[in-house]
Amino acid sequence: MKCPRCVQQIHRAAAACPHCGFSLSDADQLFGNEEIKLRSLTDAAGIFRRHERDLLEEVMDRIAHAFPQVFVAIYTGSMGESGQLRQFGFWLLNRGVFEDVPIEKPNENGILIVIDPDTKTAGMTHGYLLDPYLDEKDSFDCLSRAHAYWLEGRYAEGALRSLRALEQLLKKRCRQARRDPEKYERKYGKSGSVRDVVKKLRQHDSKKSSTHKNAEMEVER
Amino acid sequence: MKLWVIIFLLGLQSAWATPETEVPVVVEVPEVDSQYQEIESALADKYFTKKPIRFLIDPQALISVQQRKGIETLLDNHAADSTIDLYLFVFGENQKIPADDLNKDFVDRHFSQGKPVVVLYYYYGNPNRTQMELSPSIAKAVSTSERERSVQSSLIRAMRANGSFEQLEEFVMQFSIRTYWMERMMDEVSGKVQVELAVEKVAIVSPKKKRTDLLEMIPEKYREPASIAAAALGSIVVLCGLVIWLKSRARYRFPEIEVEARLGGSHAAGIGAVVNFASPAVSPANQREQVPEYLRRA
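Protein chains in written order, with my numbering: chain A, 1 to 221; chain B, 1001 to 1298.
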């Protein structure tokens, strides 16, 4: 997990970045602290044609249909500086109210793709639901599928490629998570209470001692 | 009182009743054929007993030998060109064919089989009296109006000429032309029948034939394995279709793991990757390692 501002590794429960002190309040200062209403496909930069928007919405609907918990949103617009794209994605997914997304799908279930045609950058942000299942490499792979198209200004085609790659990736991750949910629970779940920690330590110790005893017995023999 | 009522009702009835229309009385005027003389039976036999050998039948020699040759050549040429033969029976201007001999069975008797035939009873010097009979195959195909048109147009042509022979010649020539339309009508009728038959044949016969053709293409010893392979292939295709259909209907649900909020974000802090597409020189591979802008090499 990285800080949206300094892109340094941060702890999974950090209230603010230990390196630069960034938090949502900093993003609020940049972009505003009020909720903003928008649709899941908001083309503020005006880079998509009508039929392209239809195509994108079709794919987004398909993903939403296949993954009943998840929704995908795309925002195009100018963020000013290229370094602010990460912060904007983080801020928008926390402050945005997606009008056309069902209420049973909160923002923590969303995946947001932000495209800035001015600074020629695009980023992907996801909510807490997908935090255990998607990492930086995954989102990078999805976005890099669009790179060749976006270089030529074919934004819709690139976005479609990205969405399709994302769909496949989500299916794969979902299957993996279904096979071994504990793996993700252990890695990314909330850290338990002090009692749980002590219990784990004891279990660890008892295992160690039993193996030690077994070894001693073998030596005696 | 009753009498008055009856009178009143009768008056009403007469007032409402539709006026009687005058029904035209058709008086059949017997044809004045006293001026026409029936040909003798011996002569009639010469005309109608045997099936004519030549196209011109003129036992009375009403046409001169030379003229006869001309007409015969004309009729022969017509027979060579046309599918309909033209028989010309020549009678005197005021002669009349006995009703027995003009019976329909003459044509039926001699021309019901073989090439279609038109028989013309031509009254030399009086073409208006010309009568025509058709063999059954033409009668089926050619409408009455077309028959009338043929005779009428031939008559018009004939009446333009002055001499009796010239009239005959013109009549025959025009009638020969008109038979072309009769041929067309016959062709249309027979063509329709053929097309209908062909369509029926295609509809009924072709599927079976195709199937047998396909089987025949395969050597006999390979037929059984081929049919097994085809069945297996078909079932694989169906199975694939079923799998695709099931996949399209599949729903994916992620196990919900409670993740601690960070950086003050209540919904998200999962910062993914950022890709720059400003220059083709900077490929995605070069951007894989996500670092802050100030750390990037120029």
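What the hints contain is simulated information worked out from the structure, not anything from laboratory work.
Incorrect hints may have been included.
Derived lysine-lysine pairs resembling PhoX-like cross-links, with alpha carbons at most 20 Å apart [stated by the list, open to error]:
no., chain 1, residue 1, chain 2, residue 2
1, A, K172, B, K1247
2, A, K187, A, K105
3, B, K1115, B, K1069
4, B, K1247, A, K171
5, A, K137, A, K105
6, A, K37, A, K137
Going down the list of hints, with the structure as the test:
Taken as a hint, the A:K172 and B:K1247 pair is honoured in the structure, with Cα atoms around 13 Å apart against an allowance of 20 Å. Our distance criterion of 20 Å between C-alpha atoms is broken by A:K187 and A:K105, whose separation comes to about 24 Å. In summary, the hint linking B:K1115 to B:K1069 is not supported, as the alpha carbons are separated by about 23 Å, beyond the 20 Å threshold. The straight-line distance between the Cα atoms of B:K1247 and A:K171 is roughly 11 Å, inside the 20 Å bound, and the hint therefore holds.
Taking the CA atoms of A:K137 and A:K105, the gap is about 25 Å. The hint is violated against a cut of 20 Å. With a C-alpha separation of about 30 Å, the suggested pairing of A:K37 with A:K137 is violated against the 20 Å cut-off.
Checked against the numbered hints given earlier, this structure breaks hints 2, 3, 5, 6; the rest are met.
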